[in-house]
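Protein sequences, first through last, are from chains Z and Y. Positions 1 to 85 (our numbering) are the ones given, in order, by the first sequence. Positions 1 to 85 (our numbering) are the ones given, in order, by the second sequence.
Incorrect hints may have been included.
[Unchecked claim] As a list, the in silico DSS-like pairs of lysine-lysine whose alpha-carbon atoms are at most 27 angstroms apart:
1) Z:Lys-2 to Y:Lys-2
2) Z:Lys-14 to Y:Lys-2
3) Y:Lys-14 to Z:Lys-2
4) Z:Lys-14 to Y:Lys-14
Because the hints were derived from the structure by calculation, they are not lab data. From a predicted model like this one, the values you see are computed outputs, not experimental measurements.
Each chain, letter by letter, is given below.
There are 2 protein chains.
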Amino acid sequence: MKSFHVSVHIVPRKGLLDPQGKAVADALHTLGFHAVADVHVGRHLIIETAAADAAAAEAAVRDMCGRLLANPVTEDFEIAGVSAA
Amino acid sequence: MKSFHVSVHIVPRKGLLDPQGKAVADALHTLGFHAVADVHVGRHLIIETAAADAAAAEAAVRDMCGRLLANPVTEDFEIAGVSAA
């Protein structure tokens with residue numbers, strides 16, 4: 001068993017309301033950043049886990065996303081990277 | 001002016017407490033994922049902005065992070081990628 005760092009992006013599903021992103025975009029406009037068209041706000045998780053190899057670490061994290069980390073109704077997730085720790 | 005998507009990771013500074021990550025790690029252990037050693041939870045932002053080129057888009061987003069998006073006392077940010085929209 002080796003140690004891996006798996007990073008995950010969890011973002012609101014496209015087409016659904018993203019009120020946090022809208023609030024950030026409005027605040028940026030107020031600060032003078034008028035070139036900003038849109039903002040999406042999601043979560044960035046880094047999970048340190050032991051696994052036999054990188055593929056097993058990624059599979060375990062996909063399972064974690066399905067069971068706890070992501071809301072399957074409103075969010076999409078993607079594995080952004082797997083690196084040996 | 002072209003449109004760019006700039007993605008940013010904002011994470012708790014290393015060495016500072018990350019109570020949200022601790023809570024997620026505990027919940028994963030409860031679900032049976034005992035191989036998980038640690039979890040860090042940050043934010044993943046995607047900013048759609050108009051700029052002359054990719055370097056200008058990245059510079060604008062760095063300025064946004066410093067002035068609004070990241071807490072300079074407790075968080076670090078990194079530009080994860082810039083792509084033409």
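**OP:** Against the earlier hints, flag every one the structure doesn't satisfy and list their numbers going up.
**Re:** 1, 4
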